[in-house]
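Participant: Okay, here's what each chain looks like letter by letter:
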Amino acid sequence: MKPLIIADRKFNSRLLVGTGKFPSGAIMHDSIEASNTNIVTVALKRANLSGEKDPFVDILEYIDAKKTLILPNTAGAMNAEEAVRIARLAATAGLPRWVKLEIHPDHNYLLPDPVETLAAAKILVKEGFIVLPYINADPVIAARLQDIGCSTVMPLGSPIGSNRGIETRAQIEIIIEQARVPIIIDAGLGAPSHAAFAMEMGADAVLINTAIAIAEDPIKMAKAFALSVQAGRIHYEIGTSHLSKMAHATSPLTSFLDK
Amino acid sequence: MSNFSDIYQNIPIEALVQQSSDTNELIVKRILGKGEVRNLDDFAALISPLAGGYLEELAYHSNKITKNHFGKTIRLFAPIYLSNECVNICTYCGFSRNNKIPRITIPLEQVVSETRMLANQGFRSLLIVAGEHPKYVSNGYVENCISHCLKIMPSISIELGPLEVENYIPLVKAGCEGLIVYQETYHEDTYKEIHPVGPKKKYSWRMDTPQRAYAAGFRKIGLGALYGLYDWRYEALSVAAHALFMLQHCWKVQLSISVLRLRPSMGNFKPNKNYLMSNRDITQLICAFRMLLPHANIVLSTREPAALRNGLVRLGVTTMSAGSSTEPGAYSNFEESNWSPKQKQPGEQFHIADDRSPREIASMISGQGYEPIWKDFDQSLVTSS
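Going down the list, the protein sequences come from chains V and A. So that you can map any letter, position 194 of the first sequence is 741 in our numbering, and since no number is skipped, the others follow by simple counting. So that you can map any letter, position 126 of the second sequence is 356 in our numbering, and since no number is skipped, the others follow by simple counting.
Please keep in mind that the hints were generated in silico from the structure rather than gathered at the bench. It cannot be assumed that every hint is accurate.
What the hints assert, rightly or not - Subject to a maximum C-alpha distance of 25 angstroms in a straight line, what follows is the list of computed DSS-like cross-link-like pairs (lysine-lysine):
no.: 1; chain 1: A; residue 1: Lys297; chain 2: V; residue 2: Lys770
no.: 2; chain 1: A; residue 1: Lys482; chain 2: A; residue 2: Lys403
no.: 3; chain 1: A; residue 1: Lys294; chain 2: V; residue 2: Lys770
Okay, chain V solo, but in the shape it has when bound (with noise of 0.2 angstroms):
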């Protein structure tokens, strides 16, 4: 399997994991474990950004930073500002430049405020940070990041926690036809099998969160993802063999080249 690069940095695993609503820190960091990724995904509103420890606010403790890229996300920010201001605090407290930028207004269906997030996106990338944007699956705002220097494009499968599997797929498949950066596929995938596909698709990535955190056994489905974006990737790499359910007319309609 060849190796995810993302703004010149390699990457082996092409599974992304993220570290909301698991039940405790200790079986998160055995799931991150489990899922052998990267790069771990953490809301910079739930972590200690002071610098000093904190027994109550303790989640980046979980995550072995020689292993995983950690890459901060900005949840919870409601505009571009907002998302600006605490990626570069987070930076400030000494977190990598990387940033999933993640702008949604609505708290309901967590959708991207695509508007916001391409304005966060061009103070960023101007101010050196390596720029993962959420998106809604739109080939055109995908197009338009690219544009302006983000690392990635990041378009959801589905609503957040929808589990549904990848069901902008149209979509998806021309942003994937357009990229010039690495498609990542965030939200929406509940199934190892979603992910597989995605990867079969030829996504270079999937994020995946509450599939992971919210199944009855955390740590064994983080090693299926695992399993699957590999498998999903590896029959990418090697090319379809194409079934057919086309019959074969019995009058050839090119015959008539051979008279």
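Once you've looked at the hints, dock chain A against the given chain V.
Facilitator: Coordinates of chain A only, in the frame set by chain V:
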């Protein structure tokens, strides 16, 4: 935007309560088959006496929906009472102006030192509560408390007498995240009877407070009724209607629904026994709210007894208070090692039922395989300093 108080006049709550009591098994089973409700008719069936016989099924759905949207997590917060000065008469409330209790408004320094005590207990989310008194609980005072406490607490919400939008804006600018306002009772005649004196008499104005809060820019807005003042199904249907209105008209709102029952307090209020809500009723209601409002926070306070709170961790509740006192200044007299009051609290609003310490509540939550979350908001989102 239209006002909810106007729209509410045309919602047939009485008829829905009747519909609830007339519901049949076919309807209840159809809803339980779907596992969710999206309108008041189905919600009425779900809170019916008949559906009460299917409580285990309701609990199953509520548990599942909540896990899906929130994971196995419970957010914790603490109230801090600034003042029990109040110009209102609310017959059921300890702060009611004709009650003979020691009145106090705690000075800023004490607010800050008590907030620091709460932070030492783990809290990163604070609810500022005060009686309604224009002289003692002025806007400048509250704003000052917010700005000072934000250095210690990343998330602050308020529960105060309703204000105009322009009076809310400075509080939002100071960094206040949320506002809670309970209608107490949605039944207008009962409302007028139990709020005979003071600005709280204004039934519609209170009802439209959540919209004004949204207009002022609060991110989190909490609604609720105080169950025990009138028929609980009437109140629940009204809260449900109010919540649906807010979701439709205020698309950025992060909604929370508090489910609170009347507690004993100072004064001569005698609750009507017909309106009492049992533990089974409150459990049914929480599950029904969850099936109607999958994304809303559901808040359960220390008004409820320990055993019930323990059980409801898994059934739809997302947010809990812990170690609370409802008397202004009382935390200053708490023993910090085991978080217990060192003296009586004659100036409290009501007496809490679950007096376990924050640490005990957190370990009860993790004991059930859930994570207690102390911090879920960062001040840098809203303020530059």
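Participant: Against the earlier hints, flag every one the structure doesn't satisfy and list their numbers going up.
Facilitator: Result: no hint breaks.
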